[in-house]
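K.L.:
Listed below are the residues making up each chain.
Number of protein chains: 2
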Amino acid sequence: MPAMNEETRKFQKELNAGTTALVLLSVLDQAKEPMYGYQIARLIEANSEDMPIMKQGALYPVLRALESTSLLESEVEPSVSGPPRRYYRITDSGRQTLEKWKDIWTRTKTLVDTILRGEE
Amino acid sequence: MPAMNEETRKFQKELNAGTTALVLLSVLDQAKEPMYGYQIARLIEANSEDMPIMKQGALYPVLRALESTSLLESEVEPSVSGPPRRYYRITDSGRQTLEKWKDIWTRTKTLVDTILRGEE
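First to last, the sequence lines map onto chains Y and H. Counting from 8, one number per residue, gives the positions in the first sequence under our numbering. Counting from 8, one number per residue, gives the positions in the second sequence under our numbering.
Fair warning: there could be bad hints in the mix.
Given that identical chains are not distinguished, each listed pair holds provided it fits within a single copy or across any two copies.
Below, in silico cross-link-like pairs of lysine to aspartate or glutamate (EDC-like), each with a Cα-Cα straight-line distance of 20 Å or less [what the hints assert, rightly or not]: (1) 62 <-> 106; (2) 20 <-> 84; (3) 20 <-> 106; (4) 116 <-> 106; (5) 116 <-> 21; (6) 109 <-> 84; (7) 62 <-> 21; (8) 39 <-> 52; (9) 109 <-> 21.
Honestly, the hints are just simulated from the structure, not real lab data.
Construct the complete structure from the given sequences, taking the supplied hints into account.
P.N.:
Laid out in structure tokens, this is it:
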């Protein structure tokens, strides 16, 4: 991505604040097993085409925030290859919340795209 | 919209923070003449289907923020029917920024929708 000015950096950051939480809930909703941060980051990166827009470091505070409001829960497990890993899974409350957030996302997208397209 | 819990309110607020600025730049980019806040709010509302997600009161601080970074400029004009009105127009810098933001919006949408759809 070309160099960004201050306003564009702020725009990207604000847009990511909401969408990162949505993406994390969705990834863990679809996961067959609990996942740790780096695993989630790699999965998101694999879906990010050429230019990553959600940086790995930005995921961890959001994972912790989602756990603090009981939308996720986690457990630390030892790892053979390094420090222990924190594995996250979605809770029932997280699943219910995800459904509402998907609806809000769809309606926001529709509004923004209608405006961007302009009046016919 | 049904009653929202605290997390969902936060999600909606974060999502709106970025998209409101994008929508305002786009509306003023397409406007043939400078527009005042209430006019812009009504245009957005007219495009909002049944459930408004960008509240009028939330637009004003964003208009001011966009002006403070020179993406918009404004002029106060007297009004026959009430207090003077502040009319906003987009600047050249605002137009250039809008193009970048549209690109970021498109890439964010693609990523989020790819994740929500899940891996095939």
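K.L.:
Does each hint hold? Answer for all of them.
P.N.:
Hint check:
Taking identical chains as interchangeable, the C-alpha atoms of residue 62 and residue 106 are never at most 20 Å apart, the minima being 25 Å within one chain and 22 Å between chains. For a Cα distance limit of 20 Å, the shortest separation of residue 20 from residue 84 qualifies neither inside one copy, at 32 Å, nor across copies, at 35 Å. When the C-alpha separation of residue 20 and residue 106 is checked against a cutoff of 20 Å, the pair qualifies only between copies, where the shortest distance is 17 Å, while the shortest distance within a copy is 24 Å. For the homomeric pair residue 116 and residue 106, the shortest alpha-carbon distances inside one copy (16 Å) and between copies (17 Å) are both at most 20 Å.
With identical chains, the CA atoms of residue 116 and residue 21 are at most 20 Å apart both within one copy (15 Å) and between copies (14 Å). Proximity of residue 109 and residue 84 under a CA criterion of 20 Å is satisfied in neither setting, with 31 Å inside one chain copy and 42 Å between copies. For the homomeric pair residue 62 and residue 21, the shortest alpha-carbon distances inside one copy (14 Å) and between copies (18 Å) are both at most 20 Å. In this homomeric assembly, residue 39 and residue 52 come within 20 Å of each other (Cα to Cα) only inside a single copy, at 19 Å, whereas the closest approach across copies is 41 Å.
Proximity of residue 109 and residue 21 under a CA criterion of 20 Å is satisfied in both settings, with 18 Å inside one chain copy and 14 Å between copies.
In the structure shown, a violation is registered for the earlier hints numbered 1, 2 and 6, in ascending order.
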